[in-house]
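**Q** Top to bottom, those sequences are chains A and B.
If you're matching positions, the first sequence starts at 21 in my numbering and goes up one per residue.
If you're matching positions, the second sequence starts at 644 in my numbering and goes up one per residue.
Derived by calculation from the structure, the hints in this document are not laboratory data.
Honestly, I wouldn't trust all of these hints.
Residues of chain A placed beyond 12 Å of chain B at every Cβ, according to the derived structure [claimed, not checked]:
1) 92
2) 95
3) 98
4) 103
5) 106
6) 126
7) 132
8) 164
9) 197
10) 201
11) 228
12) 231
Here chain A is said to cover these stretches of chain B; the calculated rule only asks that three of the stretch's residues, wherever they fall, bring their Cβ under 8 Å from a Cβ of chain A [as the list claims (entries may be wrong)]:
13) 644 to 652
14) 786 to 794
15) 836 to 850
We put the CB at the ideal spot given by N, CA and C, even for glycine.
Single-letter residue listing:
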Amino acid sequence: MSMPFYVAPEQIMKDRADYARKGIARGRALIAIQYSAGIAIVAENPSNTLRKISEIYDRIAFAGVGKYNEFDQLRVSGVRAADLKGYQYSRIDVDARSLANQYAQILGQIFTHEMKPLEVEILVAEVADIAANDQLFHIFYDGTVLDERRFCVLGGDSDAIYARMKESSLLTKLDTAQLSDVVQLCRSALSGPDRQLAVEECEIAILHRSGDRRAFTRLDDAEVNALIQG
Amino acid sequence: MPFFTPGDHPGASFAELLKRVGIDPFQKHLTESTAQVHLPHATTCVALRYADGVVMAGDRRATSGNVISHRSMEKVVSADKFSGVAIAGTAGPAMEMIKLFQLQLEHYEKVEGQLLSLEGKANQLSMMVRGNLPAAMQGLVVVPIFAGYDLQKGYGRLWDYDPTGGRYEEREFVATGSGSVHAGAVIKVGWRTSMPQEAAVRLALKSLWEAADSDSATGGPDTLRGIYPIVASISARGWERIEDATLSHFVDELVAEYHERNQEV
């Protein structure tokens with residue numbers, strides 16, 4: 021019988037993390053940001069049918085970057101968990117924090133126990149009655165959860181995009197910012213200095229702070245065009 | 644969080660998901676006949692086609708035997724943005740069925756990323772009614788009406804059901820519940836092809852009025868408490884509930900019409 025070589029646990033974890041990070045770095049990024057009327061999520065996505073951003077529940081949206089089949093599986097699990105909870109208890113009992121925790125459990129479990137970690141980074145966003153209570157949960161491939169404020173960046177090259185976002189003066193007055201302003205900001209941050217994202221490459225969805233039951237709206241090409249062209 | 648492996652997941656079906664996590668919303672294991680117990684019953688609902696879509700209406704009364712158990716029940720509700728469901732029968736399972744049906748449509752829409760076709764929605768409801776058959780055999784009958792605007796075909800459609808889940812598409816109108824004979828007759832006489840929305844709303848109100856006049860389980864407009872039937876239209880603009888103020892105005896006109904009828908010639 022052949023004996024497997026001994027590999028230190030630190031090395032195993034490091035290899036897995038490197039593997040996941042490489043996969044995520046290949047994917048295109050997305051930004052979620054608060055603005056006057058809710059939360060806008062802007063993603064670079066050349067496909068018009070395979071979505072990165074979607075609705076989970078009344079006031080909760082999901083966004084994922086990395087390997088599509090993996091984050092889509094997580095998305096559907098989230099919809100199932102939310103609908104089940106809302107059915108068994110009440111619609112107001114479904115919240116982003118609990119979903120984010122459940123996602124973190126799954127990602128953490130897979131990261132430590134499976135051969136291959138999930139090559140994804142996901143966002144669970146919830147819009148509240150007032151901006152101070154909005155929630156942006158950024159969850160990593162290993163189950164780490166970050167509770168972000170104002171905006172968050174997911175995906176490949178996120179450090180550079182984060183730095184570009186930080187430079188903007190708009191960040192200090194997000195509570196009065198218009199949708200077109202934050203979309204322009206996200207688009208230029210995602211594009212970087214060397215290129216400009218085309219309208220068809222922008223996937224945009226919004227969580228409206230309007231008080232309607234279903235706060236999630238996806239913008240179609242014409243609406244995105246109108247926002248970007250001004 | 645339910646996490647299924649590919650090839651072994653419940654798909655976009657919420658009912659299937661419930662089954663997989665061990666929840667059975669329809670009580671199939673009732674031991675004794677419940678027909679003797681006076682449970683709240685919901686009564687008359689109608690739906691009719693008009694030029695831009697469909698109008699649905701239902702009275703507000705629920706009865707347990709000869710007692711009025713609720714005066715402001717909502718039996719006509721939107722199933723999603725482009726369809727509505729109206730329910731007659733035992734109130735408990737009927738309300739549960741509505742809740743499940745609404746969830747099922749929303750669940751499908753979110754999982755699949757697009758709306759279910761109108762035909763698909765009608766079919767889903769059919770399966771739910773069939774799922775309730777064992778309870779129906781013991782007296783807990785639920786008979787819905789389903790109506791909506793078909794976005795692919797560009798017109799309103801409506802369906803009638805029987806307690807076994809039988810699904811029948813109608814071209815003009817449907818009526819269900821204890822007052823359906825009276826309400827149906829009124830609509831049958833007054834219905835016109837491509838009638839405008841206002842005429843359809845008036846006709847629906849009149850049909851419920853006549854049903855309430857002849858059937859004790861159907862409630863008429865309750866002007867004392869300000870409770871009016873629920874009337875809604877579904878068109879390309881989606882589900883729109885008709886305001887009570889508008890209905891109150893139409894009811895006043897209806898009353899005037901009956902007064903006039905009693906004048907000597």
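**Q** Holds or violated: is the Cβ of residue 103/A farther than 12 Å from all Cβ atoms of chain B?
**A** Not fine: 5 Å to the nearest Cβ puts residue 103/A too close to chain B.
**Q** Should the label of residue 132/A as a non-interface residue stand, given a Cβ cut-off of 12 Å to chain B?
**A** Since the minimum Cβ distance to chain B is about 16 Å, residue 132/A lies beyond 12 Å and the statement holds.
**Q** Since residue 95/A was said not to touch the interface, does its Cβ keep a gap of more than 12 Å from each Cβ of chain B?
**A** violated (9 Å)
**Q** Check the non-interface label on residue 126/A: least C-beta distance to chain B beyond 12 Å or not.
**A** Violated, because the least Cβ-Cβ distance between residue 126/A and chain B comes to about 6 Å, which does not exceed 12 Å.
**Q** With a cut-off of 8 Å between beta carbons, are at least three residues of the segment 644 to 652 of chain B near chain A?
**A** holds (count 6)
**Q** Beyond 12 Å from every chain B Cβ: check whether that's true for residue 228/A.
**A** holds (15 Å)
**Q** Does residue 164/A clear chain B by more than 12 Å, comparing its Cβ with all Cβ atoms of that chain?
**A** holds (17 Å)
**Q** Residue count check for the segment 786 to 794 of chain B against chain A: does it reach three with CB-CB under 8 Å?
**A** Since three or more residues must qualify, the claim that chain A covers the segment 786 to 794 of chain B is violated, with 0 doing so at under 8 Å.
**Q** Quick check for students: does the CB of residue 231/A sit more than 12 Å from each CB in chain B?
**A** Since the minimum Cβ distance to chain B is about 17 Å, residue 231/A lies beyond 12 Å and the statement holds.
**Q** According to the definition I'm using, a residue is off the interface if its beta carbon is farther than 12 Å from all beta carbons of the partner; does residue 197/A meet that for chain B?
**A** Answer for residue 197/A: holds, closest chain B Cβ roughly 28 Å.
**Q** Any Cβ of chain B at or closer than 12 Å to residue 106/A, or is the non-interface label fine?
**A** violated (8 Å)
**Q** When you look at the beta carbon of residue 98/A, is every beta carbon of chain B farther off than 12 Å?
**A** violated (7 Å)
When each numbered hint is compared with the structure, violations occur for hints 1, 2, 3, 4, 5, 6, 14, 15.
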